[in-house]
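Peer 1: Chains as they are written, first to last, in the working numbering: chain A, 1 to 579; chain B, 1001 to 1579.
Calculated directly from the structure, the hints in this document are not laboratory data. A portion of the hints provided could be inaccurate.
Quick list of the computed label-pair ranges, beta carbon to beta carbon [said to hold, decoys possible]: (1) B:Glu1557 with A:Lys12: 19 to 25 Å; (2) B:Asp1574 with A:Val388: 39 to 45 Å; (3) A:Ala211 with B:Asp1574: 53 to 59 Å; (4) A:Ile122 with B:Ala1536: 55 to 61 Å; (5) A:Leu518 with B:Glu1557: 46 to 52 Å; (6) B:Thr1111 with A:Gly468: 34 to 40 Å.
Computed cross-link-like contacts, DSS-like style, restricted to lysine-lysine with a CA-CA straight-line distance of at most 25 Å [unchecked claim]: (7) A:Lys41 with B:Lys1539; (8) B:Lys1229 with B:Lys1219; (9) A:Lys539 with B:Lys1041; (10) A:Lys3 with A:Lys154; (11) B:Lys1539 with A:Lys539; (12) A:Lys262 with B:Lys1049; (13) A:Lys539 with A:Lys49; (14) B:Lys1022 with B:Lys1539; (15) A:Lys466 with B:Lys1041; (16) B:Lys1049 with B:Lys1119; (17) A:Lys384 with A:Lys142; (18) B:Lys1466 with A:Lys41; (19) B:Lys1262 with A:Lys49; (20) A:Lys262 with B:Lys1198; (21) B:Lys1539 with B:Lys1041; (22) B:Lys1012 with B:Lys1114; (23) A:Lys114 with B:Lys1262; (24) B:Lys1154 with B:Lys1292; (25) A:Lys3 with A:Lys49; (26) A:Lys49 with A:Lys12; (27) B:Lys1532 with A:Lys539; (28) A:Lys262 with B:Lys1114; (29) B:Lys1022 with B:Lys1525; (30) A:Lys114 with A:Lys49; (31) B:Lys1312 with B:Lys1142; (32) A:Lys3 with A:Lys119; (33) A:Lys198 with B:Lys1262; (34) B:Lys1539 with A:Lys532.
Beta carbons: idealized from backbone N, C-alpha and C, even for Gly.
What follows is each chain in one-letter form.
There are 2 protein chains.
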Amino acid sequence: MNKFIRVDMTTKQVTVDEVPAKYAGLGGRALTSNFVADEVKPTCHALGKNNKIIFAPGLLSGTTAPNSGRISVGAKSPLTGTIKESNSGGSFSQKMAKAGIKALVIEGMPTDDKFYVIKMDINGVTIDEAPAEILGGCGNYKAIEILSAKYGEKVGIALAGPAGEHRLPSANISFKDPEGNMRSAGRGGLGAVLGSKKVKAVIIDDTGAGAVPIADPEKFRAASKVFAKALLDHPVAGQGLAAYGTDVLVNILNEAGGLPAKNFTAGRIDHNDNISGETLNATITERGGEGKVSHGCHPGCIIRCSQWYPDKDGKYITSGFEYETIWGLGADAGIQDLDDIAYIDREMDDIGIDSIETAVAVATAMEGGLLPWGDGKAVLDAVKQIAVPTPLGRILGGGTAVVGKVCGLFRTPVVKDQAIPAYDPRPIKGIGLTYATTPMGADHTAGYCISGNILKVGADIDPLKKEGQIEYARAMQIGTAAVDSTGMCLFVYFGIADNPGGYQALIDMINAQYGIELTAADVDKLGESVLKVERAFNKAAGFTNAHDRLPEFFEYEPCSPHNVVWDFSPEEIDEVYNF
Amino acid sequence: MNKFIRVDMTTKQVTVDEVPAKYAGLGGRALTSNFVADEVKPTCHALGKNNKIIFAPGLLSGTTAPNSGRISVGAKSPLTGTIKESNSGGSFSQKMAKAGIKALVIEGMPTDDKFYVIKMDINGVTIDEAPAEILGGCGNYKAIEILSAKYGEKVGIALAGPAGEHRLPSANISFKDPEGNMRSAGRGGLGAVLGSKKVKAVIIDDTGAGAVPIADPEKFRAASKVFAKALLDHPVAGQGLAAYGTDVLVNILNEAGGLPAKNFTAGRIDHNDNISGETLNATITERGGEGKVSHGCHPGCIIRCSQWYPDKDGKYITSGFEYETIWGLGADAGIQDLDDIAYIDREMDDIGIDSIETAVAVATAMEGGLLPWGDGKAVLDAVKQIAVPTPLGRILGGGTAVVGKVCGLFRTPVVKDQAIPAYDPRPIKGIGLTYATTPMGADHTAGYCISGNILKVGADIDPLKKEGQIEYARAMQIGTAAVDSTGMCLFVYFGIADNPGGYQALIDMINAQYGIELTAADVDKLGESVLKVERAFNKAAGFTNAHDRLPEFFEYEPCSPHNVVWDFSPEEIDEVYNF
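Chain A extracted, bound-state conformation:
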């Protein structure tokens, strides 16, 4: 990966440079965050011409390393105002890496009103006008079909959906997956940044690319084998996720009393059987047809937590049907019918809007009287309005913080204006520390303390107690920042957390690829340095420790069934970033 591509959308000029030396050892989140910190003015407007957006494959992307196909996207976020890295599956990362492209930077802003498609291949970069038929409300499923027909069925595609075209703060970036469906860099509104630059899509065609060079192929193969075994041997990474998808968590979290219900007014629901991973699996199996219990979101995935959810006639409705989405609509918004939830999930993918932000926005809108509680049909209709967008669609597309503002609510579950996902921080205290302190705004993937608090993988910490949580949330965030830089799916953590050999194999693969000698300590240092860079950006953008706080209602509204409140002091919370 020796090419560093810049596309200036003001001038439509393309520059293909060698990778700057300072970025040579970085990939994924480490690269996107360092780049944004280096080149984006922290106080700039996220939708103005001075923001820049960067796509970067992880360090291991493009290789045969299992689960190494995550693509990182970075920019200043229009949702949170913070620095943002959001990563996704799909085939984009592997193809970019194979084509030797370390990063694509899109900067500037056109003065005309046209939308464009940026196409990269091994020969260079072209900027085309976007086909009219994929604009103006065309859904992502259709747009991928049209773009695949035009640019080739096997190309990788990154796409701003209708939500991104309208620069809505919850717009995601959708990436074509191996079967032509989508995965998303969901959080933080990066689709709106792409839309602000009038880039409808980015195409990567790796035709003619050779294999990614590996310095020590034998060592790489050996390490890769150990690593794959570590994943497959683990009950969560190797079995649970493939069988039930991430939705396996519904029953686990409900049992733990940490499944936020009815806009975070309780921690448990009665209709968990309607929406659980077990029901999801049984329904897919029973309906057959195009349904798939398990598939991978990117080439090389061996965890295969995704699935195709079919309708009663066996026809595909949606894929990548994640726990957090199902929780948001099913528990937080109280929609009891899994089919209703599936159609809404499909719609959100088709519009290109973050399914976590939107599901929580929907639940908050229900509390605010904008939508009837638990009404899946009404929600589907409302979510469709995001593509137009109608005023209601704009409110929902504005994200949970906007809904809270226009409904005058104090129970608005956001940190740094990003929606709190599917794990209540009162009875699961570790995850609350991640929500509060990560530079990303509320984000479970930034330090998944559910692992040690609930799943007891990698650690065993009482979720109801404060003991050990600060150190754990710190370690998880540091480790995650490092993993997010490798191109690895976060779920590899389950396979290596309690398996030192598996962890070493991950490091060995990097060393074998690049001919270097990283140690575990180096990896920690990398994670720490990424977090420090991100935090410094946020500080310059105006964020302080006062923003590292959960919404106040968590402090005085107890969460049933455990009837506990959020009770970390500001001083304790601030200890998480004491490194």
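Since chain A is already given, all that's left is putting chain B on it; use the hints.
Peer 2: What follows is chain B alone, placed relative to chain A:
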């Protein structure tokens, strides 16, 4: 003024205490801001049970001092997240002061869903259930009629309109004026705070109250006379404002090239004659009927800048028809018909929504495609929807920052999420420093540098140059914080800025009333101390110098006709608060 009243809306308990010693010498903004800083947790949610709202007459309110009838309201703002003082005319302040009430604090939050009316008189405080007919969309004009019929025609009334009931971030607090119409504590959404506490209205009945005690009545009378003469002798305070209202500024600002047009994309309009103060005056005069060219917004006002604007049949449409509102709708949103603007102004008053925030939100919504440019009828219809509220009404009632978010705009004219009013900061640099640095969020009244930049009252500074602006913006903010503590209308500044005797007379009145010996230096110190308290609150709430910035587009989009950009460096801006 020896009573300090607290109403706890959680328990419905009322406490009437002596004024705490630390607040004895404070009034108006000095009192509200010190109180909020003392008792409100800066990181609390502005619409949660831990915010408190305080009403405080100025130091001179209740006396015969001309123009001393402003009431200050303070709380944490749901619009900006900062500390907020918003003040208003009407008869409330004078009556509260006469009844001996230094402050009314409303705290807590009911657990039921009813709305209440708090009634204060010289005997005590009662809490009644609000009459059903003033709830659920009843306009303020009607509500004042009903409340006056119930509590007495002469009572003072503070009111949360439909916008406040719905806790919209732009909701104002409306105060009954001497003729039964309204004035507003407009900015910062304090009506939403009142609404969150389920207080529909506060009544002050001063029946039976004696005169406010004056330590040295003779000295007071003498000073009052000098002060009144200073106001009446001044061409702006004594003549211009009475003749043309604040709308006199349309032609002045247009001529100066600092009248923001079409969502801040230019500094001058061609249709200024349609909406100017001269036209306003001529129209009122010509139409006759209930029209009044000039009247005072509170008892004791001798500047009389307000007016009653009648329809073609001479029937009252609206009063308090201010320049900033007319600018916002007429120039920023491009509505060319003054009658259209008047009907919208009436509607905003009736709904209880800040006419500056809403007018700018309307213009921003036009840029975002939510409303057609310049269409007064469409805007009236949209503004009416705020009372319902429909989704569009909620977006507009959410304020300009929300409109910018849901429309994905970078040209969103706000500072600290509060709309920038009627003076472009690029060609009038002094006011830009006030917008950027005042603890209130963009607010021209926090340091009205238009005075020395454009009107050449009190100073003569080239508006297009940076020289002298930092010191001037600092001095104006300090002086304003002091004036806001006296109960004086800000326009007294015009009368005393170039008249040392007039200024001394203001100080003499305070000294004569309280039997003290304040000097001009003490007044400055008071102003400085208020700003420091406010800024400390904001800092603890998470605000930093990075928030003391204008929107980025001012830095790179030149404003015609002078074609200048905002060019103060961050370091220069930060010098304003170097005291």
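Peer 1: It remains to establish, for every hint, whether it holds in the given structure.
Peer 2: Cross-check of the supplied hints:
no.	hint	in the structure
1	B:Glu1557 with A:Lys12: 19 to 25 Å	holds (21 Å)
2	B:Asp1574 with A:Val388: 39 to 45 Å	holds (43 Å)
3	A:Ala211 with B:Asp1574: 53 to 59 Å	holds (54 Å)
4	A:Ile122 with B:Ala1536: 55 to 61 Å	holds (59 Å)
5	A:Leu518 with B:Glu1557: 46 to 52 Å	holds (47 Å)
6	B:Thr1111 with A:Gly468: 34 to 40 Å	holds (36 Å)
7	A:Lys41 with B:Lys1539	holds (22 Å)
8	B:Lys1229 with B:Lys1219	holds (16 Å)
9	A:Lys539 with B:Lys1041	holds (22 Å)
10	A:Lys3 with A:Lys154	holds (21 Å)
11	B:Lys1539 with A:Lys539	holds (13 Å)
12	A:Lys262 with B:Lys1049	holds (20 Å)
13	A:Lys539 with A:Lys49	holds (21 Å)
14	B:Lys1022 with B:Lys1539	holds (23 Å)
15	A:Lys466 with B:Lys1041	holds (24 Å)
16	B:Lys1049 with B:Lys1119	holds (21 Å)
17	A:Lys384 with A:Lys142	holds (15 Å)
18	B:Lys1466 with A:Lys41	holds (24 Å)
19	B:Lys1262 with A:Lys49	holds (20 Å)
20	A:Lys262 with B:Lys1198	holds (23 Å)
21	B:Lys1539 with B:Lys1041	holds (12 Å)
22	B:Lys1012 with B:Lys1114	holds (12 Å)
23	A:Lys114 with B:Lys1262	holds (23 Å)
24	B:Lys1154 with B:Lys1292	holds (21 Å)
25	A:Lys3 with A:Lys49	holds (24 Å)
26	A:Lys49 with A:Lys12	holds (13 Å)
27	B:Lys1532 with A:Lys539	holds (22 Å)
28	A:Lys262 with B:Lys1114	holds (23 Å)
29	B:Lys1022 with B:Lys1525	holds (16 Å)
30	A:Lys114 with A:Lys49	holds (16 Å)
31	B:Lys1312 with B:Lys1142	holds (23 Å)
32	A:Lys3 with A:Lys119	holds (15 Å)
33	A:Lys198 with B:Lys1262	holds (23 Å)
34	B:Lys1539 with A:Lys532	holds (22 Å)
When held up to the earlier numbered hints, the structure conflicts with none and fits them all.
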